Each structure stands twice: as structure tokens, then as C-alpha cells.
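Visitor: Now for the letters of each chain:
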Amino acid sequence: MHRHRWMPVALTLALAAMCGCDQSNATPPAAQTPTTAPRLAVLSPALAQTLRDLGAEGTIVARHGWDSFTSPGIPPVGNEGGIDYEALLKSKPTHIILQSGAKENPARLEALAAQNHWHILRVPALTLDDISAGIAPLAQAAGVTDQAREAAAGVFRDAFELVGGLKARAGRVLVLAGVDPPTVMGPGSFHYEMVERLGADAVPNDGAAFIQWSVEDVIRCDPDTLVLMLPGADGTVQAVAAALGPLARPGLRCVTSGRVVVISDPKCHLPATSLARVAERLRESLAAFEPIPTAPTLDEAAR
Amino acid sequence: MTLRLDQVCFTYPAPPRGVRRVLDRVSLEVGADSSGITAVVGPNGAGKSTLLRLMLGLIRPASGSVRWDDTDCHRLSPLRRAQRGAYIAQQPYISAGFSVREVVALGRFAVGHNDDAAFRAMDRLDVLDRRDDPFWTLSAGQQQRVSIARAIAQLDPLGRPATDGRVLLADEPFSALDPSHAATVGRVFRESARSGISVVVVLHDLTAAARLADRVVMLDAAGTVAADGPPSEVLSPDRLRRVFGVDFESLTGAGGPVVVRAESAQT
Amino acid sequence: MSAKAARVLMALGFVAFAALALRLIVTSGGLEWPPDWTIFDLRAHRAVSAAAVGAALAVSGVLLQAMLRNPLASEYILGLSAGAGLGVVVATFVAYRVSGAIVSDNPPVYAPVLGAAGALALVYILGRRAGLIDPTTLILVGVVVGIVCSALTTLVQHLLPDQGLAVYTRWLMGSISSDTPWSRVWSIAAVTLAGMLTAAWIGPSFDAASLGDDEATSVGLNLGRLRFIAFVLASVLTGSTILLAGPIGFLGLVCPHLVRRLIGARHRPLAVGSALCGAAVLLLADSGVTLLTLPTGHMPVGVLTALIGGPVFVVLLLRHTGLIEGGRR
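Residue numbers (our numbering), protein chains in the order written: chain L, 1 to 303; chain C, 1001 to 1267; chain R, 2001 to 2329.
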């Protein structure tokens, strides 16, 4: 019974003590005067990467929670589940960079943006063209020079130039994001688009961006070339066999003829300008293959 | 109050198909002439517990009617029924960690809280010393007495709306009790009957029925009323042999009649 | 209500108030008095949401435990939270088919409530054996219903263009959202208060309900009507919390237990006490996850309640199973 009597007193004292501590962070509300130096809160790992490729890393003052490529010293301000508005306010941004998807801006973000004169920039990143088109608005927001912007755009454009003869060398290309179970990157994914842009023939011809297949489906597809997107994998030849997992055993034609490309770039899934590097690697590997031996025609066989 | 059953039938579903008839055209009346103690006896599965539950309106008959003073008992709300009838189940059960006192107080749900009534009931059932203990810590016999106390408190006229004709239905109230406490409970029932409550008790102990009851209703295995009348008439060895299929003999002991199975050493 | 119970309730009220105050001065990495109105608004929004959700889940737990006569019943374990989540996802999917856009920010209130009600109905129907509610079967059925609802949710998610990522992170992770409009927060807080008061008002009926079906009816309780009211109330309370915070587990289990030890088993003080306890616990948990800054941001508060509540549940289960073996039907 006594416990309950002095509990309120103890709690009051505790509360008073807590109120007295750490006032140092209580800065007066600063009116957002238009500063010349852009401060970008980038709520998208992909867009942060593009900004880095533009040389604008220094302008990033806040990052997406799951963005492991931006320096961890930059405070995380939320993810798809919700924005941490308090952390966002503390980072004092000038621009909010969002990757536009099907979702509209949260109402509170709009309200805070209006209040603090933030610019909200929504940049789509669903296709390679989106990435290309996003370079200009990002560069403008970050105050990047025209020269730097053109350079980055140029690199990205050149990476996807059509390579002649790729179809003869690579044949039908199947791109996998995982081997166990095989996850196919179908039409609508960047890598599918990449393969087609480079001039090869990506399979399958229809489906979603990510398609779950079984090993049997892969056998039935019988691709000429296999591309494995495994971020962080060891790219050596020995490791390739290990990387194949259950696909090594069935005696796939592409595996026995050595037409397997492993892309181990940790950023290979980011829809950013860094995909240029992936495209380069892909082009090098595919171009290095011998042309696929064609089956002898009926006449030739008869002879 | 007159509690009247009219051609009541009750069935349970019996897998795979079909039903099992538990009570078959049972008609009887309780409380019309006087209150008093009515014992319901019969072999296992005869439907004694079912009969009690039907009388209280806890279940509906398949056919026939159950009336309380000419009103179909199912037309009355549980609250109104509780103001006139109390029930003691075969197995006392409580899912919350209530104390004995709190359990007995539950009996006053329909008739208004009254500490004195609860106190009196606990005192009569000799559970007063355990009133602050959690119910689940008591022995089976003590729990049964608490359950009875709850029903007694429910019917206690103290501080409750006046109703004429109350009914107490008890399903095997002596099953876990030692002889001394069984006698106590028997006394409580007798006092209740004297104060105007019609007591209906399901018993499997025929001696208890013979000693306690003013009237015995005997159900047979087919679920019909095999006999209905004073114990001396109903509990005759002849009738008992027909219903139970075993030989009985009626003796007179110091405390009253004794009904035991007649069994020679060889059988 | 006894004097002791009243004192405990006052103490719990004080604790809840202190937890609310604490939440208002907590920020990443330390304590800080709110520097301006915007920050105060943000924190107050979180605090009121957390208090409402915590209280609603705790009261829901009391209702379910009373109705199902099982001290291990709670909205999370019995699949109500999963059902509510399914309701939100289905509503989002239907809206998507109709309008072509994923408008996941403000699903209609009836969606999670119907989902929770559906799950509870299923558990109730399947959990009855020969007309009795068998405690062990009930928990099993509840877990299965929860799993099935989660599986269906995943299925519907995959039918959405973004594989349901937006819906998942917004509604299916147990974390208190800052994006719910204030009007909705206040209305859900009002619903929670009304729910608590109703549960307290009909508390004596729940006391009588713990007697077992026949005896409860014999003392005057209309069991069917009580069950229906409790059923609706639990579904509304659980469903509406999903709108503020997604599924948060174990509050409905742990808070009533804690409060029972302090206040006793009578349901009127238990309902009020549990609400206060639930609010306090979730406010403290939310303060905890806010204080702790991880590289990915903040842990969802549902993770913390699971980490603490899970082991507590196991302990309660073991203790209760020991009790169940003796002296009960």
C-alpha cells in the first residue's frame, strides 16, 4: 500500500529532473532564408548514387534509411514506411529528393515543405530513359556545373551504345537476379532493357520485371548465355561455378560452353547512372564470347 | 411459481447420422402444490442433467414446452429467469482468478449486490474461513460448496426484488462432498425448501434421495418418467430393478431409509 | 471498486501521464525540450497515437481474454491484427483496380475493422469444440488464422505493381506513423476512450461470464449478447489501431496480465487499468526506439514489443499450462 503513495512523488521528481536536462539542442526556430549552398535530403538510394556520379556528394545532408552506399555519417530520415520528419527538419535541407512511384507525397511533407520553403523534386527511375532524364533536374538541384552534368550524361549514354554482332555472340540472354530459386529479370527490368539496348536478345519475351522460375523452367528456356546479377559475389572463374548453385548440375548448354557472366557490382540493382559501369562490364563480357556455332542445315548434314 | 414441463423431448446429434433421444415426452410439474425437495434419479445417460438444464431454460427442447407460471421460459430474459431460479452445475468452474468471496458475489448479478446475503451464504456452507483465497486453490469439495453458496446467495431474499416462488436446481451437489459436509448441504436445502424455495436435486445416491427428498422423479434409460411420487413408493425394489436392472433392497437405518444394492457374496 | 484498486488506477494514470511527457522530450540520441511548435506537433502526434494504440490494444486484450475465457488470448496471437492488415491491403488493392493508383495513405476505417472481425469470427467458430471453447485449441486456431491472413496479404501484395512494398512498409510494419491526419488520430483516440469506458461499464458482465456458459446464464447473463458486444468492440479497437500504427503485438496479452497482478481479476478496474498500462507501455517503447538511432534509422516499435513481449508470453504460457492441468474443466 505504501508503494502507491510515494510513487507519484518519485515520478514528479523524475519528470522535473528530465525537464532540466539537455537544453543545448534547443536552437531557436530559424527562418529558412534562401541559402546559396544546396542541401539535399535524398530519400532514394538510387538518386543519391546518381548525385554521387555527378560529383555532388557534398550536397547530400540526409539519406534514405536503407541507403548503405551513402556515408553512414549522413543521418537517415526515413524509408518507404514513413519519413522521420524530426530528423528531416534537423538536417535543414533546401531540397527533398524523392523517387516517384505510384505513391503521392505525404500530406505532412507537403505542409512542412511549404512552411520551410523546401523544393520537392520527384524523379522517376523505372527505366533507363528515366535515369537519363533524371540527370538534368538532379544536377540543377545540386548546383552542378553544366560541364559535369554533360560529362555524366555522356558516360551514361555511351555505355548503352549498340554493339554490333552481339546477337551472334551472345544469342538468347537470360538475366538472373538469384539462382536458388532462379529469379529472372524480365521485361520491364533495367537489366533486360540493358541487354536489348546493347544489341543482344533478352529472354523471356513477356512477363513482369521479376519472375520466379524453377530450374526446370531454365532448362526449358535453354538460353545461349546466362547473366547472373549477384552483388558482392566473387567474379573469378572458380567462383562462377559456385555462384551457379543448382544451375550447375543440369548440364545447361550455356554453362558447358562457358557463356556465363557474373556481375558482382554491389550497385548493380540501383536504378542510377552507376548502371553505366554494369553495362560496360556486360558489353565486355558478351563481346568476348565466340560466335555461337550454328547447327548445320539439312543440306549440309546430308552432304 | 409453477415450473411445468409438457411432453418435452430432447435429442443430441449422434454421429455419423441421426440423433440420440435423451428425453422422451417428459411431463412434470414442480412447485405447484408446495415447495419441497424433489430428487431426480435414474441410470447414467437417462437425461437427468439435461432435464435440469431444460427446466432452467439453458437449452431448448426439441419438442414440448417448458413454462414458468404459464409463460414459456424462453420468452423470459436470462436476467428475469435469474431472479427466480438459481442453478448449481455438476462441475464448478471459473476462468478468472477470483477469490471465494468474489465468486459468491457473482450470484447477485441479477438481483443486486448485497454483502450480507453473500456473507450469510458463505457462512451456511462453511466456506467463510476461505473467503479471501483464490477459488482455484480450494479442493473440489470446497469449490462445490462455494458454488452452492453462490446459488444460495442468488436466492437470498435480502435486498432483492420480491418474487414469489423461487426455484433451486442442483446437479449432483454432493458428488465431491464428504459425509459431514453432505449433511450440511442437505440441511441447507431443507431450510431453503422450508423458506419457500422449490428445490430440485439430481442425485445418483439413492439413499440420499430417500432421506432428503419429499418427492422422487425417476427417469429410465429411455428418457421417460418411470415414476413420480414419494420416495417410499418410487424407490421400491421392484421399480428399481426394472429401471436400473439390478437388485436393490430397502433398509431402515438409524438416520432414515437406506437403499442399497442387494448383492450376494458370490456375484 | 475497492480503495486499493482506486489507488492502483491513480498510480497507473500517473505513470501513463509521465510516459506521455517523456515521449514529448525524447529525440534521436537523447532528451530535448521541443525547440519549436513543428517539432512539438510531430512528437505530440506520435505520443497521442501511441497512447491511443496502446490503450486500445490492451482493452482489446481484456475483452478477448474475458470473452474466450483464456488468459492467453490477445488480438495479435488470435490473428486479429493480421486480419486487419489483410483488410487494409485488400482495400488498397480494390482502390488500385478502380482508380489505377496506389493511394495507400488513408484507407477507409471499415477495412481493417472488418478484417479483424472476420478473423475473430473464424477463430471463434473453429475454436469451439462440442459447444465449449477449448483454450488450447483456441490458441492454435488463432495462430493458424493469423498465418493464413498473412499469407493472403502477401498474395494480394504481389498483385500490386510495386509488389506491395508501399503498402507493406506503411501498414504492415508495426510502427507509429507520422502521416495519419490529426483528425483521424483524434477520432481513433475518441473511439479508444469510448471503448474503454464501455468495457468498464459492462465489466461486471464479464465477471459473471467467467463462470462457464450454463452458470453464467443462470446468474442472469445474456451471454450471446455480451459476446457480440465484446466481439464488435475488440474488432473495432484492434482494427482502428492498424490505421495508426500497423500491427503491434503482445500489448493485449502482457498489459492485462500485469494489471491483474496489481488490481485483481474484476473486469471494471481491469479495463481502465489495462488501458492506462497499454498507453504507458507503448509510449515508453516508442520513446525507446526513438532514442536508439540505427544506421537504417529507427527500429519499428513493433519489433521492440515483440522482443520483450515474446519471452513474457512464453513464461505466461508455461505457468498457465501448469495451472490448466489441475482443477479445471
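Everything labelled a hint here was simulated from the structure, so no lab data went into it.
Note that the structure is a prediction, hence the values are computed from the model and not measured.
Treat the hints with care, since some could be wrong.
Unchecked claim - Cross-link-like lysine to aspartate or glutamate pairs, in silico, EDC-like; alpha carbons within 20 Å at most:
1) R:K2004 - C:D1247
2) R:K2004 - C:E1263
3) L:K90 - R:D2214
4) L:K267 - L:D206
5) L:K267 - L:D146
6) L:K167 - L:D130
7) L:K92 - R:D2041
8) L:K267 - L:E57
9) L:K167 - L:E284
10) R:K2004 - C:D1132
11) L:K90 - R:D2041
12) L:K167 - L:E57
Visitor: Hints first: check each against the structure and report whether it holds.
Guide: Taking the hints in turn, this is what the structure says about them:
A threshold of 20 Å between alpha carbons decides the hint, and for K2004 (chain R) with D1247 (chain C) the separation of about 61 Å lies outside it, so the pair is violated. For the hint pairing K2004 (chain R) with E1263 (chain C), the CA-to-CA distance comes to about 61 Å; that exceeds 20 Å, so the pair is violated. Only pairs whose Cα atoms come within 20 Å are accepted, and K90 (chain L) paired with D2214 (chain R) is rejected, the gap being roughly 62 Å. Between K267 (chain L) and D206 (chain L), the direct Cα distance comes to roughly 26 Å. Violation of the 20 Å bound is thereby established for this hinted pair.
For the suggested pair K267 (chain L) and D146 (chain L), the alpha carbons sit about 26 Å apart, so the restraint of at most 20 Å is broken. At most 20 Å may separate the alpha-carbon atoms for a hinted pair to count; K167 (chain L) and D130 (chain L) exceed this at roughly 26 Å. Under the criterion of a C-alpha separation no larger than 20 Å, the hint pairing K92 (chain L) with D2041 (chain R) is consistent with the structure, at around 18 Å. This hinted pair checks out: K267 (chain L) and E57 (chain L) have alpha carbons roughly 16 Å apart, not beyond 20 Å.
Distance hint between K167 (chain L) and E284 (chain L) is fulfilled; the C-alpha atoms sit about 14 Å from each other, no more than 20 Å. A distance of roughly 15 Å separates the Cα atoms of K2004 (chain R) and D1132 (chain C); the hinted pair therefore holds under the 20 Å criterion. Between the alpha carbons of K90 (chain L) and D2041 (chain R) the distance comes to roughly 15 Å, so the proposed pair stays at or under 20 Å and holds. The suggested pairing of K167 (chain L) with E57 (chain L) is violated, with an alpha-carbon distance near 38 Å, which exceeds 20 Å.
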